[in-house]
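Reminder that position 77 of the sequence shown reads as 77 in the numbering used here, one-by-one numbering, no gaps.
Derived by calculation from the structure, the hints in this document are not laboratory data. It should be emphasised that the depicted structure is a prediction, and the values quoted were computed from it without experimental measurement. Some hints could be false.
Simulated pairs of lysine to any residue, SDA-like, Cα-Cα distance not exceeding 20 Å [to be verified]:
id	residue 1	residue 2
1	K93	I21
2	K93	S10
3	K138	A126
4	K138	S10
5	K93	V51
6	K93	G127
7	K132	V51
8	K93	P49
9	K93	Y63
10	K93	K132
11	K93	E70
12	K132	P49
13	K132	V121
14	K93	V121
15	K93	T56
16	K93	W15
17	K93	V109
18	K139	V121
19	K93	A126
20	K93	T46
21	K132	F122
22	K93	R45
23	K93	T62
24	K93	N59
25	K132	C12
26	K93	P140
27	K138	P148
28	K132	G11
29	K93	R74
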Amino acid sequence: MKSATTGTLSGCIVWFILFGILSLCVFTVVMIGGGISATSGLAVRTVAPIVCPENTTTNIRTYATTSTDEFGNRQPSTGYVLQCLDSDGNVVKEDPVAYAFIWMGILAVIGVVIAGLLAFVFAAPAGILIAKLINRMKKPNVAQYIEPR
Numbered sequence: 001m002k003s004a005t006t007g008t009l010s011g012c013i014v015w016f017i018l019f020g021i022l023s024l025c026v027f028t029v030v031m032i033g034g035g036i037s038a039t040s041g042l043a044v045r046t047v048a049p050i051v052c053p054e055n056t057t058t059n060i061r062t063y064a065t066t067s068t069d070e071f072g073n074r075q076p077s078t079g080y081v082l083q084c085l086d087s088d089g090n091v092v093k094e095d096p097v098a099y100a101f102i103w104m105g106i107l108a109v110i111g112v113v114i115a116g117l118l119a120f121v122f123a124a125p126a127g128i129l130i131a132k133l134i135n136r137m138k139k140p141n142v143a144q145y146i147e148p149r
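Construct all of the structure, not just a fragment, from the sequences and the given hints.
Spelled out as structure tokens, the structure:
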């Protein structure tokens, strides 16, 4: 019974370590992709039911603005606003920030699920590899006891 508990505990530790490593990689890729795709049609269609009132359509309005670079200089930039329009085309609600945060949050959850599944898939092979390495380190090197002729 003791070895089963030890194996389960070590398997959980291996899964947790793999999950952490994979999460770092997957989360970075997902956040970059989310930032690039925040104004795409898919992002707007996905987030619109959460942000906009019922019976409205969505539109992304762009406008010229400025931002500050790392040296304090003003640089031209493009701003994005999610607009919720009624049937007459009047703006019912504008959301410059929350829609992007919601989109990034949705992608982050998807990324965590992917990292968890990948960690589950790779936990057994990683555990076997770690066990082989530990067993190799535990075995004495018999060659060191052979006397030269």
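Need the status of pair K93, K132: alpha-carbon distance at most 20 Å? violated, 60 Å
Against the 20 Å threshold, does the CA-CA distance of K138 and A126 hold or violate the hint? holds, 18 Å
Would the pair K93 and T56 pass a check requiring their Cα atoms to be no farther apart than 20 Å? holds, 10 Å
Holds or violated: K93 to T62, with C-alpha atoms at most 20 Å apart: holds, 15 Å
Does the alpha-carbon distance linking K139 and V121 stay inside the 20 Å limit? Violated, because 29 Å separates the two Cα atoms, which is more than 20 Å.
Please verify whether K93 and N59 have alpha carbons no more than 20 Å apart. holds, 11 Å
Keeping to a limit of 20 Å between CA atoms, is the pair of K132 and V51 held or broken? violated, 52 Å
20 Å Cα cutoff - pair K93, V109: Distance of about 26 Å is beyond 20 Å: violated.
Given pair status - Y63, K93, alpha carbons within 20 Å: Holds, because 17 Å separates the two Cα atoms, which is no more than 20 Å.
Are K132 and G11 close enough, with their CA atoms no more than 20 Å apart? holds, 14 Å
Are K93 and V121 close enough, with their CA atoms no more than 20 Å apart? At roughly 44 Å apart (the allowed maximum being 20 Å), V121 and K93 break the hint.
With the threshold set at 20 Å, check whether the alpha-carbon distance from K132 to F122 stays at or below it. holds, 16 Å
When each numbered hint is compared with the structure, violations occur for hints 1, 2, 6, 7, 10, 11, 12, 14, 16, 17, 18, 19, 26, 27, 29.
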